Amino acid sequence: MSTAQQEHLKIEQLQQAAPDEIEHIEGRERENLEGWIPALATDAEVREALEKAFDYRGDVTITRKDGSVVEGYLYDRRSEPTLEASLVRLIPTPKPGAPVERVMVRYADIAALNFSGRDTAAGKTFEAWVKKYWEKKAAGEKDIQIEPEKLD
4 MSTAQQEHLK IEQLQQAAPD EIEHIEGRER ENLEGWIPAL ATDAEVREAL EKAFDYRGDV
64 TITRKDGSVV EGYLYDRRSE PTLEASLVRL IPTPKPGAPV ERVMVRYADI AALNFSGRDT
124 AAGKTFEAWV KKYWEKKAAG EKDIQIEPEK LD
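To convert, count from 1 in the sequence shown and add 3; that's this note's numbering.
No lab work stands behind these hints, which were simulated from the structure alone.
On a predicted model such as this, the values are computed, not experimentally measured, just so you know.
Hints are not guaranteed to be accurate.
As a list, the in silico DMTMM-like pairs of lysine to aspartate or glutamate whose alpha-carbon atoms are at most 20 Å apart [unchecked claim]:
{"id": "1", "residue 1": "K135", "residue 2": "E83"}
{"id": "2", "residue 1": "K68", "residue 2": "E48"}
{"id": "3", "residue 1": "K68", "residue 2": "E51"}
Use the sequences and the hints to build the structure in full.
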């Protein structure tokens, strides 16, 4: 994910672009966050890491300051002026036969964050899809359909 300054510059770029040029502006760069364990030494680092976790397409593992651990998909975050008031919401990794639950964790309660799950969208850009299509076409295949990869 981009930093706040990079996002601001991209927005300024879009505001100055003609409507016909907008489709050609460079998109966001995606970082490879899989396996990353960010330092959470300052409030700013906590906030930035949780913003990246919100954009991440895999599971994260949060270790709370009380030692409890929750692993799952971070689907929502509420960033307030203080870490005490800010929170993230996760859907924990499902256990067979157990109902789906949701967990809220305050930013202030987070001791560690780990991007533990596989990034399910890594390498699945449109360009990668087009490359597979043309490789199959060059190999002489007919009625080419590229099916999405099965999720674990």
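Okay, the hints, checked on the actual structure:
1. About 44 Å separates the Cα atoms of K135 and E83, which puts this hinted pair outside 20 Å; it is violated.
2. Distance check on the hinted pair: K68 and E48 sit about 16 Å apart at the alpha-carbon level, within 20 Å; holds.
3. At most 20 Å may separate the alpha-carbon atoms for a hinted pair to count; K68 and E51 meet this at roughly 19 Å.
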